[in-house]
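Novice: Taken in order, these protein sequences are the chains called Z and D. FYI, in our numbering the residues of the first sequence are 1 to 393. FYI, in our numbering the residues of the second sequence are 1001 to 1301.
Treat each hint with caution, since some may be false.
[As the list claims (entries may be wrong)] Covered stretches of chain Z, going by a simulated chain D footprint (3 or more residues, C-beta under 8 Å): (1) 131 to 137; (2) 176 to 190; (3) 291 to 301; (4) 332 to 342; (5) 346 to 358.
[As the list claims (entries may be wrong)] When the alpha-carbon atoms are kept at most 20 Å apart in a straight line, the in silico SDA-like pairs for lysine to any residue are as follows: (6) Z/Lys26 - Z/Glu108; (7) Z/Lys252 - Z/Ile353; (8) D/Lys1205 - D/Ala1231; (9) Z/Lys252 - Z/Asp344; (10) Z/Lys321 - D/His1296; (11) D/Lys1205 - D/Arg1234; (12) Z/Lys252 - Z/Arg299; (13) D/Lys1266 - Z/Ile177; (14) Z/Lys162 - Z/Gly58; (15) Z/Lys162 - Z/Ala178; (16) D/Lys1115 - D/Val1242; (17) D/Lys1205 - D/Glu1157; (18) Z/Lys321 - D/Met1290; (19) D/Lys1073 - D/Pro1210; (20) Z/Lys354 - D/Glu1293; (21) Z/Lys354 - D/Ala1289; (22) Z/Lys321 - D/Thr1277; (23) Z/Lys347 - D/Arg1236; (24) D/Lys1266 - Z/Gly150; (25) D/Lys1266 - Z/Asp184; (26) D/Lys1205 - D/Ala1289; (27) Z/Lys354 - D/Thr1283; (28) Z/Lys347 - D/Lys1266; (29) Z/Lys354 - D/Asp1285; (30) Z/Lys347 - Z/Arg285; (31) D/Lys1266 - Z/Arg156; (32) D/Lys1205 - D/Thr1192; (33) D/Lys1266 - Z/Leu176; (34) Z/Lys354 - D/Glu1281.
Keep in mind the hints are simulated off the structure, nothing from the lab. No residue lacks a Cβ here, since even glycine has one placed at the ideal position from N, Cα and C.
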Amino acid sequence: MSEQTVNHATSTGGPVPDAATAGGPKAIWVFIEQVDGAIADVSMELVGRARELADPLGYAVVGILLGHEVNGLAPDVIARGADRVLVADHPELAHYRTLPYARVLIDEARRGRPEILLVGATPNGRDLAPRVASALRCGLTADCTDLQIGDHHIRRDDRTVKNLLFQIRPAFGGNLIATIVNPDTRPQMATVREGVMRMPDADPTRAGEIERLEPAFQPGDFALEVLDRRRRESTVRLKDAAVVVAGGAGIKDQAAFDALRELANLLGGEVGASRAAVDAGLIERDHQVGQTGTTVRPRLYIAAGISGAVQHRAGMAESSKIIAINTDPNAPMFQIAHYRIVGDAAKVVPMMIKALRERSAEDAPVWAAEDEEEGAADGAGGAATGASEGAAR
Amino acid sequence: MTGPGPIDSVVLVKQVPDTHNVTSDAMTRDGTMNRNALPAIFNPEDLNALEMALQIRERHGGTVTVVTMGPPKAANILRDSLWRGADRVILLTDRRFAGADTLATSIALQKAVEKIGRYDLILAGRQAIDGDTAQVGPQTAEKLGIPQVTYVESVLEIADGRITAVRALDHGTEVVRCTLPCLLTVVGSANTPRPPSARRRMAQKLAATPAEYPSLLAAWPEFGTQEALAAYVRERDLEIPVWSADDIGAEAATIGLAGSPTQVHKVNFVVLESTETRTVEPTPDAIAAMVSELVHEYIVG
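Next up, chain D with everything else stripped away, as it sits in the complex:
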């Protein structure tokens, strides 16, 4: 065998609340959190996974399909994926998917990938910033019965039905070679994701799910009717396909809350314990006095 043919990739992405930028206005006085104050963003490491897939396509040819499971508004990150270069995007949305833990999520993703059918590589971000579990990638790989390569920082080679990749670990790196198909989880240091292209953005500004047509019509009243807009979107192949649980053949008992073995016993809002807090003014004298105090208390020095 020689060099590989084209590589077909499926990228698993997630829309997440921007938990990294919890500002004080997102926190209420009693220490609870106002979730609505957080914008929904493209999970950062999923962008690295998409970029890796796009680079593989540039080198080897093939296709990049992006899949997300989420509420209807998760279509936003699929549009973003198209503008960054994805060939095809799919939204998994269904009330029955709601409340899924990582195991139930991996079953829905497995079914969706199996419906897509042919693939050489599955890529996903190492973890999502709303849960930080890093579980869905390995669980999806297990469900699909394919090997996983986690913490991938770079792909060195794809040849002879195998991929050679560098894994970034806490205390070093590992170069591994794995048979295709396999699932990669990608770390943030892997690459710098390309921005959405202006050209693609122009060409695909009307990419939308059918559920979005009413709001699209409000933005583009010149279409006159929703039917006319729908016809225009379909003609240009801009409709974002939406798959339900039935569409992917996922049994209700295996997905969403019903399919989740973990349950929340309780949730505590974080109420911070009050400490004896001394306010120190940000002036050289006050800082010097504080330093001196720390030294005298043998806390430093």
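Pulled out of the complex, with its shape left as it was, chain Z reads as follows:
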């Protein structure tokens, strides 16, 4: 590996030397996020991707799991592809708090010197990762949509660093795709959105080690206490919806958005939105599709008044069929759409509703049956009730 060239003149912290200089085996670590004893999907997706990246390099995959009474979760992390699971089980870790969690990750990363440390880009992950990266003085890339391994040439020093983590993400409002590398600092850290990596199958026969950690907290780690926690079960089931009807900046008012809801209901689907619509207050944030929202792969995606910035497309481009409705004939969304409708969504959507109403009078029962099947077949995600549920909303 390359030599350390980073000058860390300021007071605390310091980059973590890479594992080769430490003499240990190189490893990809994945932060295993659990909430109330359930592991977040994104953590397992990352274990799966880490396995794929690690095998050609001969690296180990290590899960680091924090919580209280969570020992029982470790075997599943191994079954999904980890070689080793580090478990910090402690009452102070029962619920996520930045400083106690960061303490464990920082201490363990300094000790274990992973090459790569991956964190799910959940609200907690996006709170934790920068705190840890700052203390370790290492580079961090947010919200990656892809991870690969490759070589990077540094022109300034005319040297090539091999086998770096390519951290790939939309940038600049989603109008560019940037590949970011951290040539000289370790671990190479990245957060990754839920749903962009494939969920690995569990192989209960896989062998692996479970190692217990003893957290060494400091008094300052408890500066924050949680007084109340209200979990609002989201009724939005975007991730597994068979049909998503999404609105964007071209949807100007609540009435036009209500029409999208009606269309989604008729199709047994969910309402999605671009960030513009969320920011305009037309719909709650848990309906947001895209890089900073949910990633969806429905059979049909209807983009009503969504111009189609990469950030949004990152969350829906793999839809089987895309209908784009926009007044701007040059909207980027049209370039990935299967059906291109240049017009005002506020007029076109009611036409679709009318056409569907007329059809559904003929063959409504067939629809219901189809939706049931789809819901049952698509049991992988947490929201197994899937498509049929949406129709009831």
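Once you have looked at the hints, place chain D on chain Z.
Specialist: For chain D alone, coordinates are given in the frame of chain Z:
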């Protein structure tokens, strides 16, 4: 201990290209982007952070200081901050800050906050719309050695050296109590930022950095000379202070491109894959035909 004394806040803000409103004229034919076609705006959630700081000042007294790191033209959002009610603004600008990733940015902000000295709260928007990383807030908190409270939607109480706040999460909310000083990142749903006040705008229309005096003079030729204008601005305490890397004691190797552990390996302009696209006219008949096709292909229904 009883109720708090005045609360001194520092608000970290950023001027960003308006990436939310990428119009088709900002996109060139080959799918690349014309950055200059995008206006520079006040990062939206930073306005929510400023508003939260102003409301805290209204309730508890104290001061609101706004800091930005950016090019000289970032002074525009500092003027805007003054007109909305900030007591004091500071521009960090230096060629050596350029090319900073989030870690190098957090070091510059840490040094600037330490130069400001006394503070109870640091506030920043949850994330900036040009990068969407949400990293600079937590990284700055870590550098300052203070706790962070991210995704703050409201402040319930500040008492006994602690702040009680509501955090907005994907699947619910959390009420937390944290010791001061700490850093809050604020979400867009927190409040509706007040507009710039007409009165303050009148009183502080000449607020400017020294680098802006020539253009200010062009707009106000009655001052005659730049010296006369500079004297007038200083007399009324309207000069926006500009701090360089040296002013904040930031070592060159820790800031800007030199202090950034992340490097760009490559950038791809987004060239959209062409799909078989069928154009459907926005007429009831054509829409009905499309719906019928979707049903027959078992895509819907």
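Novice: Under the criterion that the straight-line Cα-Cα distance not exceed 20 Å, is the pair Z/Lys252, Z/Asp344 satisfied?
Specialist: 10 Å, holds
Novice: Hey, Z/Lys354 versus D/Asp1285, does the alpha-carbon distance stay inside 20 Å?
Specialist: 11 Å, holds
Novice: Keeping to a limit of 20 Å between CA atoms, is the pair of Z/Lys252 and Z/Arg299 held or broken?
Specialist: The hint is violated at about 26 Å.
Novice: Does the structure keep D/Lys1266 and Z/Arg156 at a Cα separation of 20 Å or less?
Specialist: 15 Å, holds
Novice: Z/Lys347 and Z/Arg285 were given as a pair; does the straight-line alpha-carbon distance stay at or below 20 Å?
Specialist: 25 Å, violated
Novice: Given the hinted pair D/Lys1073 and D/Pro1210, is their alpha-carbon gap at most 20 Å?
Specialist: Within the cut-off at roughly 12 Å; holds.
Novice: Does Z/Ile353 lie within 20 Å of Z/Lys252 when you go C-alpha to C-alpha?
Specialist: 18 Å, holds
Novice: Is Z/Lys354 within 20 Å of D/Glu1293, Cα to Cα?
Specialist: 15 Å, holds
Novice: Can you tell me if the stretch 176 to 190 of chain Z counts as covered by chain D, using C-beta to C-beta distances under 8 Å and a minimum of three residues?
Specialist: Holds: 10 residues of the stretch 176 to 190 of chain Z have a Cβ under 8 Å from chain D.
Novice: Please work out if Z/Lys162 and Z/Ala178 have their alpha carbons no farther apart than 20 Å.
Specialist: The hint holds at about 19 Å.
Novice: Decide if the proposed pair is consistent with the structure: D/Lys1205 and D/Arg1234, CA atoms, cutoff 20 Å inclusive.
Specialist: 13 Å, holds
Novice: Holds or violated: Z/Lys321 with D/Thr1277, Cα cutoff 20 Å?
Specialist: 10 Å, holds
Figure legend: structure checked against the earlier numbered hints; hints not met, in rising order: 12, 17, 23, 26, 28, 30 and 32.
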